[in-house]
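All chains, full assembly: derive it from the sequences and hints.
For what it's worth, this note's numbering labels the leading residue of the sequence shown as 1, then goes sequentially.
Keep in mind that the hints were calculated from the coordinates and are not lab data.
Keep in mind that the hints are not guaranteed to be accurate.
Simulated pairs of lysine-lysine, DSS-like, Cα-Cα distance not exceeding 30 Å [what the hints assert, rightly or not]:
no., residue 1, residue 2
1, Lys364, Lys14
2, Lys14, Lys307
3, Lys313, Lys235
Quick list of simulated restraints, FRET-style, between CB atoms [stated by the list, open to error]:
no., residue 1, residue 2, range
4, Arg189, Arg144, 14 to 24 Å
5, Asp72, Ala209, 22 to 32 Å
6, Gly376, Glu44, 46 to 56 Å
7, Pro171, Trp379, 34 to 44 Å
8, Lys235, Pro130, 42 to 52 Å
9, Arg447, Glu283, 35 to 45 Å
10, Arg149, Lys235, 35 to 45 Å
11, Glu69, Trp379, 45 to 55 Å
12, Gly341, Leu73, 32 to 42 Å
13, Leu73, Pro171, 34 to 44 Å
14, Glu416, Pro272, 45 to 55 Å
15, Gly341, Glu198, 47 to 57 Å
Predicted model, so just to flag it, every value in this text is computed and none were measured.
For glycine and all other residues, C-beta sits at the position ideal for the given N, C-alpha and C.
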Amino acid sequence: MSSHGAALPMLSRKCKGLTGEAHVPGDKSISHRSLILGAMSVGETRITGLLEGQDVLDTGRAMRAFGAEVEDLGQGNWRVYGVGVGGFTEPDNVIDCGNSGTGVRLIMGAMATTDMTATFTGDASLNSRPMARVTDPLALFGARAYGRRGGRLPMTIVGAADAAPVQYTVPVPSAQVKSAVLLAALNARGESQVIEREATRDHTERMLAGFGATIETEETAEGRIIRLQGQPELKAQDITVPRDPSSAAFPVCAAIITEGSDVLVPNIGLNPTRAGLFTTLIEMGADLTYENLREEGGEPVADLRAKFSPNLKGIEVPPARAASMIDEYPVLSVVAAFAEGRTEMHGVKELRVKESDRIDAMAKGLRAAGVTVDEGEDWWAVEGRGHGNVTGGATVESRLDHRIAMSFLILGMASEQPMQVDDGGPIATSFPIFESLMGGLGAIIERV
1 MSSHGAALPM
11 LSRKCKGLTG
21 EAHVPGDKSI
31 SHRSLILGAM
41 SVGETRITGL
51 LEGQDVLDTG
61 RAMRAFGAEV
71 EDLGQGNWRV
81 YGVGVGGFTE
91 PDNVIDCGNS
101 GTGVRLIMGA
111 MATTDMTATF
121 TGDASLNSRP
131 MARVTDPLAL
141 FGARAYGRRG
151 GRLPMTIVGA
161 ADAAPVQYTV
171 PVPSAQVKSA
181 VLLAALNARG
191 ESQVIEREAT
201 RDHTERMLAG
211 FGATIETEET
221 AEGRIIRLQG
231 QPELKAQDIT
241 VPRDPSSAAF
251 PVCAAIITEG
261 SDVLVPNIGL
271 NPTRAGLFTT
281 LIEMGADLTY
291 ENLREEGGEP
301 VADLRAKFSP
311 NLKGIEVPPA
321 RAASMIDEYP
331 VLSVVAAFAE
341 GRTEMHGVKE
351 LRVKESDRID
361 AMAKGLRAAG
371 VTVDEGEDWW
381 AVEGRGHGNV
391 TGGATVESRL
401 DHRIAMSFLI
411 LGMASEQPMQ
421 VDDGGPIATS
431 FPIFESLMGG
441 LGAIIERV
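In structure tokens form, the structure reads like this:
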């Protein structure tokens, strides 16, 4: 079953080449944060290019439940009238965050230092994911969490009435955990510090500064120290959301492995904490270039041109790169199947606790498609078969995971036999136009 209805089986077939422009949706990470920080600011925030996937829409509904005005103006344009830091009101009903781990963890952080109680739930996938990684540091502020065994949703958070600042070292590379702590620190008196040993995506820090928070980042030998002064008055902003590099990954990778392809993916955010996949593809020998490099809204942006690349080579992906491409490993493993030689991926245990165990899901599906995969708790490796040698011909489980579903549909565009996923419904959570966009480039995707 998909997260919002009956299962939607989908199949993709080998195609003759993908060509054209792929206008992917707005960045999901920035879209979530735009709504949340808009709700915590004073005045009217205008957002252009918001990703209107189910995950982000669920976050918008949550902000309404906490008292902000959130209005859809049409065509990706939204208006948020905020209530200020500490201005959230207690919601009347349970907050349903659907499939979104980012949404629920950031919202928990945003409300955890306000004197109120809120209960969170989600779909079967989200309710199976661990929340202690967020609720443990929120407890340092004085918030209390009551959930199912193992720290899982449904979960009630009792916010701290008078939160003191904290100093917290993030134990694993996680932008969600870091961001939840920073959002909680907004309503704590004094200076809080968050320390991360490995850099993760920094959209929260950039956007907090843009909204007027006093925040600074120091790079040290021990890692990155982020200092945030609590109880600021955040000022409403006009935000243009760049297009999502995690969504761009799918047409880019499809073009690289599909014979005869030449695809332009315009206006992609290339924040260095997000662009690890593209660096990796180029190292593998992909014909991938950046055009029209520029900066928009404090974020580096470029148009990506991806062409069929028949001579890909397997590589060892540096563990230090994992945080900058953690969501892209599933589709990278698909590209690796069409490379010559072994592609090894280390330092990726975070994939075990995403919407699904993504290592296990991809390994099982790739093996069913005729590809050899080795795996451990914190690593996995794909033995590439080279162009024209990936069999396909399997039906695989998407496990309520949008990235698993899309990755196997991409594989089917270049494998000798079609690939089918048992449920493509979850794709709508992050990439609602995936089917039509890929079809417009020449992909053959069928609902079965």
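The hints, checked one at a time:
1. Only pairs whose Cα atoms come within 30 Å are accepted, and Lys364 paired with Lys14 is accepted, the gap being roughly 21 Å.
2. For the given pair, Lys14 sits about 16 Å from Lys307 by alpha-carbon distance, which is consistent with the 30 Å threshold.
3. Between Lys313 and Lys235 the CA atoms are separated by roughly 49 Å; this puts the pair beyond 30 Å, and the hint is violated.
4. Evaluation of the 14 to 24 Å hint for Arg189 and Arg144 yields a pass: the beta carbon distance comes to about 19 Å.
5. Taking the beta carbon of each, Asp72 and Ala209 are about 27 Å apart, inside 22 to 32 Å as hinted.
6. Range check, Gly376 to Glu44: Cβ separation about 50 Å, and the 46 to 56 Å hint holds.
7. Restraint check, Pro171 to Trp379: a C-beta distance of roughly 19 Å breaks the suggested window 34 to 44 Å.
8. Look at Lys235 against Pro130: about 35 Å separates their beta carbons, and that is not inside 42 to 52 Å.
9. For the pair Arg447 and Glu283, the supplied restraint of 35 to 45 Å holds, since their beta-carbon distance comes to about 36 Å.
10. A beta carbon spacing of about 42 Å between Arg149 and Lys235 agrees with the range 35 to 45 Å that was offered as a hint.
11. Checked against the given bound of 45 to 55 Å, the beta carbons of Glu69 and Trp379, roughly 47 Å apart, stay inside it.
12. Remark: the range hint 32 to 42 Å for Gly341 to Leu73 is contradicted by a beta-carbon distance near 50 Å.
13. In this structure, Leu73 and Pro171 meet the distance hint of 34 to 44 Å, their C-beta atoms being roughly 41 Å apart.
14. Between Glu416 and Pro272 the beta carbons are some 37 Å apart, a value that contradicts the proposed interval 45 to 55 Å.
15. Hint check: Gly341 to Glu198, Cβ distance near 27 Å, so the stated range 47 to 57 Å is violated.
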